[in-house]
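From first to last, the protein sequence lines are chains A and B.
Sequential numbering of the first sequence, starting at 24, is according to my numbering.
Sequential numbering of the second sequence, starting at 1199, is according to my numbering.
One should not assume that every hint holds.
Estimated spans, in silico, between C-beta atoms of each pair [to be verified]: (1) B/1275 with A/24: 29 to 37 Å; (2) A/85 with B/1203: 16 to 24 Å; (3) B/1216 with A/92: 47 to 55 Å; (4) A/105 with B/1257: 24 to 32 Å.
If you want a taste of the chain B side facing chain A, the calculated C-beta under 10 Å gives, among others [said to hold, decoys possible]: (5) 1243; (6) 1248; (7) 1297.
What the hints contain is simulated information worked out from the structure, not anything from laboratory work.
Glycine residues also receive a C-beta, built at the ideal position from the N, C-alpha and C atoms.
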Amino acid sequence: DAEITQSPRHKITETGRQVTLACHQTWNHNNMFWYRQDLGHGLRLIHYSYGVQDTNKGEVSDGYSVSRSNTEDLPLTLESAASSQTSVYFCASSEYAGTDGEAFFGQGTRLTVV
Amino acid sequence: GQQVMQIPQYQHVQEGEDFTTYCNSSTTLSNIQWYKQRPGGHPVFLIQLVKSGEVKKQKRLTFQFGEAKKNSSLHITATQTTDVGTYFCAGTSYNNNDMRFGAGTRLTVKP
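Please build the complete structure, drawing on both the sequences and the hints.
Take a look at the structure:
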């Protein structure tokens, strides 16, 4: 069955370190998204991609970067981790153009920056 | 920029009571989606609304999209313990090319 997987599921890192969270989907979806979830804020969009070599900034992109070298993967990099980036991170993918249609979410990565 | 507000933040009901969550956007939306997230889980798609004034039903769940396409609601009739979770709306504005989530409404149901 097609799926979307995130790794690691949990990570603890130190302030200032570079961290990369992996997201891999096997649906062959063009659209992929990264969100962070914090209490009281819901899900906030970090970056998104509508195809290979396409990346766009979301509403909370500062301190994060993504790259899309193939259809299946959209890794999220925290350039220099900060305590404010402690959060649960969700990756999602969808089939149709733009934001039309169902987005499938991964299981999430809980990141703690100490 | 586009903002999506959702109320209430929390709702505690007795099993069998009804529940409604409301979503309001600062801009006109091209579509709105609803997701449910169980405790400790990930968001799961429920439905998408596209047309002005659209109403869709899924068993005990009724979804509405306002005439002006700036607000939406989710109503659950006769809640059950399986309805427990956080319900999110997510709207796409005609001005932006991305989808913004509301803060969510956390529903708890007392048996």
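Hint validity - residue 1248 of chain B Cβ closer than 10 Å to any chain A Cβ: holds, 8 Å
Residue 1297 of chain B as chain A interface residue, shortest Cβ-Cβ below 10 Å: holds, 4 Å
Pairwise beta carbon distance, residue 105 of chain A to residue 1257 of chain B, judged against the given window 24 to 32 Å: Violated: the Cβ-Cβ distance is about 44 Å, outside 24 to 32 Å.
Range agreement (Cβ of residue 24 of chain A with Cβ of residue 1275 of chain B, hint 29 to 37 Å): For residue 1275 of chain B and residue 24 of chain A the Cβ distance comes to about 33 Å; the hint holds.
Status of the given 47 to 55 Å range, CB of residue 92 of chain A versus CB of residue 1216 of chain B: Hint holds: Cβ distance 49 Å, inside 47 to 55 Å.
Assessment of proposed distance window 16 to 24 Å (beta carbons of residue 85 of chain A, residue 1203 of chain B): At roughly 23 Å between Cβ atoms, residue 1203 of chain B and residue 85 of chain A fall inside 16 to 24 Å, so the hint holds.
Satisfaction of the residue 1243 of chain B interface hint, Cβ to chain A closer than 10 Å: Check passed: Cβ of residue 1243 of chain B comes within 4 Å of chain A, closer than 10 Å.
The structure does not agree with numbered hint 4 stated previously, though it agrees with all others.
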